[in-house]
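**Q** Next come the chains, spelled out residue by residue.
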Amino acid sequence: MEYYEMLLPGITVVPIIGVVVLLIWRKANKKQAAIIGILSESVALVIPLVLLSVLRRNESIVFSLPWIPNMGVSFRLSLNWLSLTFLMTEVIVTLVAMVYSLGEKTGEKHSNYYYALLLLFSLGMSGTTLSDDVFLFYIFWELMLVASVLLILVWGHGEIRFKVALKYFIFTHLGSLMVLVCLITMYVNFGTANMTEWMAQVSSLPVNMQVFMIIFFLIGFSVKMAIFPLHIWLPDAHTVAPMPVTIILAAAMLSMGTYGILRFPFTFFTLERLQPFAIWMMLAGLVSEVYGALMALAEKDIKRIIAFSSVSQMGYILFGLGTLTIRGMQGAIMHVVYHAIIKGLLFMVVGILIAITNERDIQKISGLGFKFPALCISAAIGVLGISGMPPLGIFNSEWMIFAGGFDSGVSIALTVMTLIGSLLTVIYALRFFGSIFFGKRLPEDLPKKAPLALVIPTMAVTIFLIIQGLIPGPMLTWAMKGLAGIFGGIF
Amino acid sequence: MSGVLAIVLPVAILIGGAFIIYVLARLFNLNNRVEAILTVVVLAIALMALVNNYHQIEELATNPDAVFGDFSPGGIVLIPSALGIFIMIISIIVSIMITIYSGEYLMRDSRYLNYYPLILLTQAGLMGMFLSNNLFNLLLLTELSTVAASSLIAFRFNQHIAIRAGFKYLIMNSLGTMMMLLGIYFLYRSTGDVHLFHILSAPDNLTRIAAGCFLLGFSLKAGVFPLHTWVPDVYGHAPSAIGGLLAGVFSKSMLFILPVICLRLGMTYEELGTYLMVFACFNMLVGSVRMLGQNLLRRFLSFSSIAQTGYLMFGLGIGFYYNLDEAFSAGLFLFMVIAIMKCLGFLASGIYQFYFRTQDITQLQGVGHRMPLVALCFSVALAGLAGIPLLAGFTGKWIIFSVALMTGDLFAIICLAIFLLTTLISLGGYLPLLVRQYQKPNEGEQVDTDRQYPERVSGWLVAPIVILAMLVILIGVFPGPWVSLIDYVVGWMVI
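Protein sequences, first through last, are from chains L and U.
1 is the number of the first residue of the first sequence in our numbering; add one for each residue after it.
492 is the number of the first residue of the second sequence in our numbering; add one for each residue after it.
Bound conformation, chain L alone (with noise of 0.2 Å):
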């Protein structure tokens, strides 16, 4: 075995040690607790930095194990250039979020288990990208779920968290038992969990299995990416999280859903298979773009607004994949990446509004521009971002899968209005920060400043978004390269 596979799962493992570190250091206060989970965040984050160069001479690095083996199940772990993106920007989310909360008061009480539970969460969706065995990825798809139900249930806002987190549950619950039943029938039908041997078999399935478990499969992936009408978890879950357990939701998990469908069912069927599914697809993310963006508007609380800029990002994702050309494909998966960063940031902004005027209603916070004008610039680069102002990443995306769907062929209509449709994503975010930052000022009672640790990763994500927008060819290759075992690997 080679060093570079004995690295591999360091990503999971080191993790594991900081939660276990955690767990035994129960006097932990919050900064030293801190300390470990970014300590051990930031080496799961330089395993695949290091691994990168590796990759680029190899197609992919597998790191197996035996389980059960009369199961057929093994501890099999593989990074390529898909998973690599997806567990990039979960990684780094969950680190700038960790940082995020230095600034907080959360997780101040039991500190030790609030960062072992970011750290699992961490792990569920670096475990999610990285497995390549089922009975593995549903373990980890699980975990990310209870890690992330937990810290809603111990750390929210509010005794509504308890329903809340109940809701959340049991709907993902639902979309990731739909995903399990396909795990499952591929499963039995091809006698082994390791999802590498399952690829020369899918075509030996009946059609109409294949079709069903497609449509198991989008509905199942859509739930987790809070796709109309299934992201009806979605808003109260992100209101209700304490802020940076909120980052990580939106930023990082909603893009497992992607994950998710590029990895089952756009890796394991063909172009042919999905063809019909194509203009479903569309469909729904343009429903979701538009509904997601009025919702944004018709909110008060600022929370909910970039919640539901969410579920309407979530839609130019899916229209995105849906094209199922190379084009769109690609911006999909870049989409993922800059609405990371600049959802990210916009939390990150509403944390610091609500951390300065202890308020969440857009209609009493007013005219802060003046007073904070770091934060106003901030705010700004990541309005412009989200509303796809070039050079900031998302326009990147945006005209990749807008191209997409001009080339799909499928319904040129059907692109043309959900360009149109994007008008609406700017009207929400001008709104959003023309009157938070202008109008009539608040009394002068305000703090001065706000708090370090929350100003400066924003700062450190406004940067990075305009490098990443401004130099997106990494992005770019990094994202064609991860679409290389698409549809069988016809691209």
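It is possible that some hints are incorrect.
Stated by the list, open to error - Here are some of the chain U residues that sit facing chain L, going by a computed Cβ distance under 8 Å:
#	residue
1	L881
2	S893
3	L896
4	M897
5	L911
6	L915
7	L918
8	G919
9	L922
10	Q930
11	S975
Since the hints were made in silico from the structure, they are not lab data.
We put the CB at the ideal spot given by N, CA and C, even for glycine.
Following the hints, position chain U against chain L.
**A** For chain U alone, kept in the frame of chain L given last:
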């Protein structure tokens, strides 16, 4: 009486142990804990005898001479089966946990003298049911275990509600036994014999009626819809330890005796499979819907037990309907994990009852902060029953799913859809209960802590639940060895 002595040894140990312990306890006025330890010793010896039989499973299952009994007409004949040995091993392990637990749980009861012999007799009766080849003996042994179990349920006889529960159990289960007696009558009229291995050839209508009677009788004992109505009342009011034993092992094991007899009496695989699968759906639905909003822990667990009976029937039903060995493995695996998790749930909730004298979750809200370890174990049980990954329940769910999808048949898929629906519904039952252990108590609903809050939860109570919780996690993380164990047993299973 002749034959292989090893077959009857575990039963003999249990029955003999019951009498010896009772006599010793009476003579020397034994302390509750001493009696518990003695019972554990007897159970452990019986377990060793069983494990010894397990090692000779190949010999016992294949050799036609491996029987024990009186071969003259009307004599008792005991035939071992791989299935029976496996189920009894689980049952005895669970009983050992329950006995240790009772070492503290019964400290406030004066009648503990009878308690432990009754547990041993219940086990002996159950084991006899698996061994017995003569239907009349089967009936007697069923009666033995039923009567012992009902006295255990009504053990706290000074509580009105306990007497009612015990009485209800006795009446309902006697009804089941009556059905079986009726079955024996029909059988005897038709064939003039009550030995199972004589009645293999050409069943006529009367034997089929007899099969139906046995089906009803065992369904009643297992709590199959619509004969399930006694389950919540009985297990909800029985002592927690007994609830764990009966709901986790005893009533579920009836589902494994049922097919052995009904198939011999001329029921076809398909009929039995259809019956099990259709009623499995009802059980799953009724159990999971009724468990929603239950505040009393044991009542909640009883309803979830009805749902789990359904899951088991589903697995077995697929096995018979499609003649699939994997489904029997799935059923046995599920039996094992449900026994462990259900017992864990009952025992942990019993600790709350023991210290706080309530099993109402609204009053127990926030109990997780006062008894973190117990609450953790109870949470493991609930999460396991809900099927959260890396716990035993998830592996069980995975295996049952695979089996159902393996058939690729519409009937199985429809039942699977109902299964899926009910797992989702039941989440609405398990999760709130789990969470409320950690939620802040509502004003005015908190139990009076000054008087009842224990310094420290007794080790006798904690040790069994910790062991069971660790088993739940162990089976969840490393299901491999357990699956092969069960595959091995199924390999030697003769139905």
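**Q** Now tell me, hint by hint, if it's right for this structure.
**A** Structure-based check of all given hints:
no.	hint	result
1	L881	holds (6 Å)
2	S893	holds (5 Å)
3	L896	holds (5 Å)
4	M897	holds (5 Å)
5	L911	holds (5 Å)
6	L915	holds (6 Å)
7	L918	holds (5 Å)
8	G919	holds (6 Å)
9	L922	holds (6 Å)
10	Q930	holds (7 Å)
11	S975	holds (5 Å)
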